[in-house]
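S.K.: All chains, please: the whole structure from these sequences, using the hints.
Using this note's numbering, read the sequence shown as starting at 1 and increasing by one per residue.
Hints listed in this document are in silico derivations from the structure and should not be mistaken for laboratory results.
On a predicted model such as this, the values are computed, not experimentally measured, just so you know.
Check before you lean on any hint, since a few could be wrong.
Said to hold, decoys possible - Below, in silico cross-link-like pairs of lysine-lysine (BS3-like), each with a Cα-Cα straight-line distance of 27 Å or less:
1. 387 - 19
2. 113 - 9
3. 195 - 9
4. 113 - 195
5. 9 - 19
6. 113 - 19
7. 9 - 71
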Amino acid sequence: MIPSRQPLKGMRELYPPEKRVEEHIVDGIRGAGAAYGFEEYEAPVLEPLELFLAKSGTELAREQSYNFLDKGGREIALRPELTPSLARMIAAAGELVLPVRWMSFPDCFRYEKPQRGRVREFLQFNLDVLGTDDPSAELEVFLVLRRIMRTFAVPETHYRIRYSSRTLASAALGGAGLGPEEIARALPLIDRRDKMPGSDWESWVVETLGPEHGAAVVEYSRCDSPDSRWLERVAGGTTAMEEIRRFSGMLARTGIDTAAFDPGVVRGLDYYTGIVFELSDTGSGNRRAICGGGRYDDLVGLFGGRRISGVGFGLGILTLQLFLETYGLIPAGIASRPPADVFLAAFSEEQRGFVLRLAEDLRDAGVSVETDVSGRGLRKQFTLAEKRGIDRIVVIGPEETATGRVTVRCGAGREGIETDLASLAGVLG
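M.R.: Here's what the structure looks like:
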């Protein structure tokens, strides 16, 4: 039987042009995080299933993850997200200089139906601040998100950072008469608000929770500001209300005009305890959130020891790429960028040793070099360089080896720049 040429459905498979685009995006994000002093870390791809059952929720851990029994009979999962692993690492690290600023580019896995922006294996960017309860940590996370958008020249009209608070939702709904069980049922309903037409969603909520409680959830979802009169009536004076108003004031003073209060943002993961947020496309081209995150105060404490609060987000690289492509923000030529700065062509077999030594000298100087490894003649070497997209060619023949002077041929017309070997790296750099 001939094996299939196709990868497993939804798994990452990138040919070099696609990988170059991804690396362009990753490099930009990494630079944005590094500008704020965030350090990179790595966590295991395989984790005990109980790690995700404890705080990510049963649906994600059992139904949406790749989980199995290993040869030792242990329940194992390919990580569907990174935050529980981060919390475990922080708890195990002992003394740390707080607050911790860490970032990572994890490969994650979820067993979901593949569709635009959603695949089963995906590269993600995670960034977290741990060890402070002050909302300045949320503010800095928002600043990183804005810097990421600015790195890729995204106009501020094209995206919005929508934020709310799970504690505010609980306080408001509690003040409107819902008990803990009703609030627990209501939060997932609010999370579905943007996935249904407004009138259909409201009817569904009332039908699910009953007229009185359903009406309160609908009323909460309509609040467009922390200063809403309805919010003041049901949650005024609560710690949650004071926190969200303080944070909104901080955003205004910092000039983050792309952030907006939206009670429909509650996030679906069980471990979020405070302010939550999503970065979304303001247009209709990308329905999925580009990133989502929030505060988690109890996750590290799950492993014993002292309580260390945290706030952070996960950003899908593919989702961001689709967003950038929608608005033509991937620079032309990234995918077709040549694999090397120059192609060194040997005139004949006698010059191949010289070519190899020169190529190594240039590589030592930071110039990427490709040479022929198949014994081709000179004309076929030219053809190979053209097919590889390498625009600059240096031919090494008897005269070049004797005089130490070469010509860098550029472009379709092969116009030349003559130089000596000692200066060649500078010409090519």
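S.K.: For the pair supplied as a hint, residue 113 and residue 19, confirm whether the alpha-carbon distance does not exceed 27 Å.
M.R.: holds (23 Å)
S.K.: Are residue 195 and residue 9 close enough, with their CA atoms no more than 27 Å apart?
M.R.: The given pair, whose Cα atoms are some 25 Å apart, holds under the 27 Å limit.
S.K.: Is residue 387 within 27 Å of residue 19, Cα to Cα?
M.R.: holds (18 Å)
S.K.: For a C-alpha distance cap of 27 Å, please report whether residue 9 and residue 19 respect it.
M.R.: holds (19 Å)
S.K.: Would you mind confirming whether the straight-line C-alpha gap from residue 9 to residue 71 stays at or under 27 Å?
M.R.: Holds. Residue 9 to residue 71 sits at ~25 Å (cutoff 27 Å).
S.K.: Is the hinted pair residue 113 and residue 9 satisfied, with a Cα-Cα distance of at most 27 Å?
M.R.: Holds, because 9 Å separates the two Cα atoms, which is no more than 27 Å.
S.K.: Are residue 113 and residue 195 close enough, with their CA atoms no more than 27 Å apart?
M.R.: Holds, at about 16 Å.
In this structure, every one of the numbered hints holds.
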